[in-house]
Amino acid sequence: MITHELIERIEGEAVLDFKTDKSGRVEDTAIRFLHFRGMEAILEGRNALDALVITPRVCGICGHSHLIATVKMIENVYRNAGAAIRISDKANAIRQITLSCELIQNHIKWLYLVMLHESGKMVGEEPTVALKALYVSSQVNQLCALFSGQWPHSSYALPGGVSCDPTHIEVMQGLKILSDVERFVEDEVLGCTPEMFEQTMRDNTVLNLKGDFGTVLRNFERLKVLDTGKSHGRFLVLGDERIAMANGIRSSAELALVSEDASQTFEHGGKTYAKNALYNGEFYEGGPLARALVQERAGVGDLYRIYEDSAVTRLSARVGEMVLLCAQVRQLLTSLDLSQPSFIPPPAIESISAEGIGIIEAPRGSLIHRARIERGKIVSYSIITPTQWNLGNGTASNRGIAQKAMIGAESIAKASLIFRTFDVCSVCTTH
Amino acid sequence: MPSNPAKLKVIWLQGITCNGNTHSFLNDPALGTLLETIEFIHHPLLPCQKTLKELVKKVPKSDILIFEGSYNAAFERAGVEMRTLLPALAHKAKHIISMGSCASFGGIFKENDPEHISGIVFDRENASGPLKSMQEKVITLSGCPAHPKWLSFVIDMISAGREILVDEFRRPKELYAYLVHNGCLRNEYFEWKVDSEHFGTKEGCLFYAQGCQGPFTHGSCNKILWNEVSSKTRSGTPCVGCTEPTFPKRELFTTKTYMSIPSEMPLGIPKRSYLALAGAAKSFHIKRLEERLIDDHA
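Residue numbers (the working numbering), protein chains in the order written: chain A, 530 to 960; chain B, 1063 to 1360.
Hint data in this document are derived by calculation from the structure and do not stem from the laboratory. Each hint should be verified, as a subset may be incorrect.
[As the list claims (entries may be wrong)] No more than 27 Å apart at the CA atoms, straight line, and that leaves these computed lysine-lysine pairs for DSS-like: (1) B:K1120 - A:K705; (2) B:K1199 - A:K650; (3) A:K906 - B:K1071; (4) A:K753 - A:K551; (5) A:K650 - B:K1120; (6) A:K661 - B:K1120; (7) B:K1112 - A:K661; (8) B:K1211 - A:K705; (9) A:K650 - B:K1069; (10) B:K1211 - A:K548; (11) B:K1115 - A:K551; (12) B:K1311 - A:K800; (13) A:K661 - B:K1119; (14) A:K650 - B:K1115; (15) A:K650 - B:K1211.
Could you build all of it, start to finish, from the sequences and the hints given here?
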């Protein structure tokens, strides 16, 4: 039987086509995204700096990631054109702080609005609006705005640095907010300290966690889906460091092996607007799980050895990343050297012609911006979003990451829940 | 807690969007209090009474329809085209809020298909959108995104049955009569015509070289601060004019000049008056404004 299921309460909407057997077990799936906005075409012909305003509008929940990818791309264009461009450690640290804030608020919203809510509904215990989680997300965004001016849709990062010139007052406010966020993570999300959380992953006792994340895991356990949702076990991280992992073996990743495949799109007779992103011709998973595994983070690696890339590992990796990023933001804030320049003026963009690439680790995985600039104008622009890696639509012999993870699920509802563990964003996928 | 038995029934529908207004709305620290006065029949992210599928099956009445994103007649939600869905919901809504610049004027996404994409009442400056005939019940909250407090203000006014005074684009005057320039920390540099040498400093006005549109953009960004703490100009970023029907203009980080003065004047200021004042202001060298504000920075 074929069922078309509209997946809502994600970023945008997606349609899943399920082929099920008599018992309702999912035999096959297709993931479809039906909305397209033409962001790349909007950018072409504009001044390259305009992209700092346009690309954040690709996505309301991860627009800051697009801003940072854009600025890195333009800085790469400068370097490829042989022009001098320097970024102070301070500006780099501030960008890292604001980008990390975006990841933290994203992970909190995903955990509460999506995973806790959807899994709770399925076990007959639908929670009320997660106001406490939304309040904390708004605080994280406030921390970001102390530097970026606003969240969402800031354009404060420019080639050469950042536009803000903070004082110790902003740093102090930021640290106070961070303390509240850390307290929320300990008291509400985990129910224990970050160290004890890591120990539960090592001891395989995450189900005993007292916080709301424990509730999510126990809901998954009750639904018998905690150790389901396995995919190809191939992982890719391209921002910061470039590492691919397949069959448990890590190797350095080559950008030349990244490709986009449009064979499933409407343009080519398919049923979706989303192009697949492939590495070496195959689907690789990006995002918190990939980052934790390639960086050999303690805890997540232990879960992976037992459960491979099933739901429990994928969920724990995202929550683990939330904890890790809080610690990193604290470190960055306390070590910020305010005496350095925020911005070192580069040569005028109108003097620059070259191609460039900017890659960062966004909430859902590696985000790639590429462009060709001629005398400061955008000639072509191309974006590969994280969800194109994870939510691609493969063929019968080569299934996409989330597609493979859903096949074999006992029901459409359970497959849809597994789908959501990937933190689905349709607005990004079809930019 | 005041007794308020009848909550306003609200539907939040999205057209072509990035979800930016949804996430801006979720930033409201008083969201819990707001949710005591409204209930969502449908919302794209928050728990609500009806899924999108249920919403389109039998279009319900509502007190407020909030529309986010730009309009294209052929754009579908849950398999129903906007040309059908939006007017049906709008007819059954007592009030309509156009949330963000896409819904208000077409915004960024209009750029991709200018012929078919518009706002719900306005297409850029022209009142030619699909809901033009019911614009009397539409409140425009332009901005990319709109501020959560702007939305809660409008909901509060509707809830209290108060009249909302609006401008030519149906934007509440209490929010949009101000300019982004008002309350900017760099106002003194504007007054004395001291421009910012480059980004990343506390000093200087961004209107003369960096493309700041604050002096002619309607919005209370520097009165009702973003995320409670800041704004674009307070973080040294030029205003990009996101509340206006002209958003997005081009060359957003450069001031277009004519005879070395900004070619677009502060709102309502005749060029002659500006020139007279600017000439006088520039003739003085105010030492304090030419120095670093805090001297411990190299």
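Q.
Taking the earlier hints as the rules, which of them does this structure contradict?
A. The structure breaks hints 1, 2, 3, 6, 10, 12, 13 and 15; every other hint is satisfied.
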